[in-house]
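Enquirer: Sequence:
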Amino acid sequence: MYLQVQIREEDRDACRFLWRDETQEVCKYRLTRMCFDLTCSPFLAVSTVRVHARRHQATAPRAASEVLCNMYVDDLATSCESPDEARTLATQLEELMASGGFYLHKWASNKPAALRAIPTERRSTVTRGCLWKTLGIYWDRSRDHLSFIPPRTLSRDGRDSKRQMLSTASSIFDPMGFLAPFMVRAKILFQSLWQLGTFWDEPLPDDVDHLWVKWKQELEELPLINVPRALVPVALIEAKRVELHAFCDASELAYGAVIYLRVETAPLALVSLVTAETRVAPIKRLSLPRLELMGALVAARLVHYTQRALSLPIHSITCWCDSEVALSWDDVAPKDTRMMERFEKSLSFNGERYQVGLLWSEGKPDLPVNVKQAMRRLTTVERRLAQSDKDSCDYSSTMRRYLVNSWAEPATESGPPKRTWYLPHHAVYKGEGEERKCRVVFDGSARYGETSLNSQLEAGLLSRWTCSNPRRRPRRLQISLERRDTRGLQVPTYQATSPRAASEVLCNMYVDDLATSCESPDEARTLATQLEELMASGGFYQVGLLWSEGQPDLPVNVKQAMRRLTTVERRLAQSDKDSCDYSSTMRRYLVNSWAEPATESGPPKRTWYLPHHAVYKGEGEERKCRVVFDGSARYGETSLNSQLEAGLLSRWTC
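Here the sequence shown is numbered in my numbering, starting from 29 and rising by one per residue.
These aren't lab readings, by the way, just hints derived from the structure by calculation.
Remember, predicted model here, so these are calculated numbers, not experimental data.
Some hints could be false.
Said to hold, decoys possible - Computed cross-link-like contacts, BS3-like style, restricted to lysine-lysine with a CA-CA straight-line distance of at most 25 Å:
id : residue 1 : residue 2
1  : Lys587    : Lys392
2  : Lys312    : Lys268
3  : Lys392    : Lys373
4  : Lys215    : Lys312
Make a model of the complete structure from these sequences and hints.
Expert: Have a look at this one:
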């Protein structure tokens, strides 16, 4: 999603980087699209999608609502009452997002018929049986259950240390709290180690190790836990009454709460587990009534949080507890209008893409000249890539994509003073074998002296814009089996206004992920089509960087960037595979116009070279390379991020 948002012309010199393809001379480029590692990048990307969705609320109310409420970064998860509704919503979402230059892919549904209108290449591929990962949770689409997988790095030999205990327990991702009774045991054991004063790499005491080994043995049984995804397993019209029930309890060791949803239908009542939360008791000994009151507070907050997240017609809420506490309150911070005004002022649409400016911190950006440091880092990356032909090829291919796709562009010899910065970059490889991918990471946090690009940028208010919990929204409804696919002809494939798709983007999209659900395959297929058309119709939005108050003041850092590039090249030279992947990723930036050649010199105080390095993710054929442009890399006392503001991103997320 980041690469679908352009950086406005006057801010591109702050996102310079050095690169040379194979035996060519070192060239200067600058990013034309938003990269991942800048402080304000998440805010700018998410807010651009949200602005696009709001602009189409009148023409695509449903799709816009889904994007605003159910989108988590670039994932959107939602539900519909029928396949017809899902197909319609999918069509609206595609139309809505496409109109802004955002193209949805990796579509998935528990009813394949809901995705009939989505081309096969834009649907998700299942590589692990029927399990598919959505928003970090494993989803068995065939049975429509949420499941868990034991951590791969589970140690079975020797006695673990406190560090290994924390690593193992933290590797289990359970945002819904389905494993709360199991996970709280690990929390209690970890707390006991702090009370005993155990060092990080010290073997566990005998009494703790015995309990820990037993806990680890039970991890093998995690796949046996399957939670139905659908909280409401019938059409909402069949639900006579919907209730939320919260239960809380406490002991001397821990306290917590759990939420259940009770749905009354004509013949019977259905009860579903929604979420749970546990906490260990404070080290300072408290009375049991006090702990019960703390558990009641957790229940009250959790039920209020759940009610907002589900967006269901709740008829009654009951908190079952020994203590009477307030059940809900509103703690939403006031809106930062100044940040939004700066963002909207820098946002423009050229007919194909949105363009934004960086969020500079208060005052003018003051970036020093870091081109030499960037050159050293590039040399290091090249040395590493030289060790593997495959890595080097993948890296070069990725870099060429940046140029071919116009994600980056050639830069001038010198940019504007105090606004020019060279981002170090490196490769991240993900996957194994044929599925191995290389991603180039431009490191906005790389420092030169006391400065980095990220240190002069603000992060934004993203946390306020996402739904209460996007992972709960896809569990609202179940795609019904009652309607046959032939009824899909009664639903228009393209709605003139795309209300559903716009609603999905506004409500169910987080950054560049959109997760939602529909009641039937027909509805899912329609929604998928609408979403693709909606996002594609936006082309590329262009935004300006969110500079801090006043004009940016970036020093000349091209020499430092050159040194960093040399360092990166030296590292890449150690592996031909890394070097190939890095070069491939950088070429992708150019091929896709995510970057463009920069002039020899940029505007004074607004030109900056971003150091870049590689981050490799995955193994074998699935290994991927990512180039990171470091906005936090400092030159002297300055970095690009230090002169940018982050925006309102932290207020928009859950």
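Enquirer: Are the hints correct? Go through all of them and say.
Expert: Now for the hints, and whether the structure bears them out:
no., hint, result
1, Lys587 with Lys392, "holds (22 Å)"
2, Lys312 with Lys268, "violated (47 Å)"
3, Lys392 with Lys373, "holds (17 Å)"
4, Lys215 with Lys312, "holds (16 Å)"
Checked against the numbered hints given earlier, this structure breaks only hint 2.
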